[in-house]
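J.: Here are the chains, one letter per residue:
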Amino acid sequence: QQQVKQSPQSLIVQKGGISIINCAYENTAFDYFPWYQQFPGKGPALLIAIRPDVSEKKEGRFTISFNKSAKQFSLHIMDSQPGDSATYFCAATRGAGSYQLTFGKGTKLSVIP
Amino acid sequence: NAGVTQTPKFQVLKTGQSMTLQCAQDMNHNSMYWYRQDPGMGLRLIYYSASEGTTDKGEVPNGYNVSRLNKREFSLRLESAAPSQTSVYFCASIWKSSYNEQFFGPGTRLTVL
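Sequence order for the protein chains is A and B. In this text, residue positions in the first sequence follow this note's numbering: the first is 1, and each later residue adds one. In this text, residue positions in the second sequence follow this note's numbering: the first is 1001, and each later residue adds one.
Hints listed in this document are in silico derivations from the structure and should not be mistaken for laboratory results. A hint or two may mislead.
Each computed BS3-like pair below joins lysine-lysine, with the alpha-carbon atoms no more than 25 Å apart [unchecked claim]: (1) B/K1096 to A/K57; (2) B/K1009 to A/K42; (3) A/K71 to A/K5; (4) A/K71 to A/K42; (5) A/K5 to B/K1057; (6) A/K42 to B/K1071; (7) A/K15 to A/K71; (8) A/K108 to A/K5; (9) B/K1057 to A/K108.
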């Protein structure tokens, strides 16, 4: 049973455009939702994260939108750049007392000039 | 501060051979993890160690064993490698709970012929 569903699997965006990646979760006990960014040949690294007590979190060009009632959250990359080309993973955890992250299957983003 | 280190970076095995993947972290983290990454499958947890002296199965533990040698080191052993274990393996660590950033190593690319 996949607890975090991520879409799309791949995404091609023009430079300067907006990249949007969506995730949906099933477990209502999840209370922390990080996004990880992975460049080819490297390990994933934390990009941005959100708790469900806020509906949006912004860090530079990256924004997480969170909809608790729909059990969905999304990553928006504004003014997408070729350097943003990477694989993005959403994840979820119930945090306290848990030591595991549940990852989505990833989205490969290509930003073309 | 090297973060999370993994050895080797690349390995080719024949079916039935055994090997141990090594992982070490110098961040004084409590919990350590082993994941495998396959195209279209995202990051799947093999085993984790919430603290020194404990290990638990993740989503895909069959065919693997682990040892938490001390607080710094967490190794993954393949006793009899199979082609289905061809993958990229990532070690990760985290301080205290999964509310904190999970730090990943650079990965080991394993091919089983």
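J.: CA of A/K5 to CA of B/K1057, is that 25 Å or under?
T.: OK: A/K5 and B/K1057 at ~22 Å, within 25 Å.
J.: For a C-alpha distance cap of 25 Å, please report whether B/K1009 and A/K42 respect it.
T.: 11 Å, holds
J.: Is B/K1057 within 25 Å of A/K108, Cα to Cα?
T.: 28 Å, violated
J.: Is A/K108 close enough to A/K5, meaning Cα to Cα at most 25 Å?
T.: 15 Å, holds
J.: For the pair supplied as a hint, A/K71 and A/K42, confirm whether the alpha-carbon distance does not exceed 25 Å.
T.: Between A/K71 and A/K42 the Cα gap is close to 30 Å, so the pair fails against 25 Å, i.e. violated.
J.: Taking 25 Å as the top limit, are the C-alpha atoms of A/K42 and B/K1071 close enough?
T.: 24 Å, holds
J.: Keeping to a limit of 25 Å between CA atoms, is the pair of B/K1096 and A/K57 held or broken?
T.: 24 Å, holds
J.: Can the restraint linking A/K15 and A/K71 be considered satisfied, given a maximum Cα separation of 25 Å?
T.: 30 Å, violated
J.: Hinted pair, alpha-carbon criterion (25 Å max): A/K71, A/K5. Please report holds or violated.
T.: At roughly 11 Å apart (the allowed maximum being 25 Å), A/K5 and A/K71 satisfy the hint.
Comparing the model with each earlier hint shows violations of hints 4, 7, 9; every other hint is respected.
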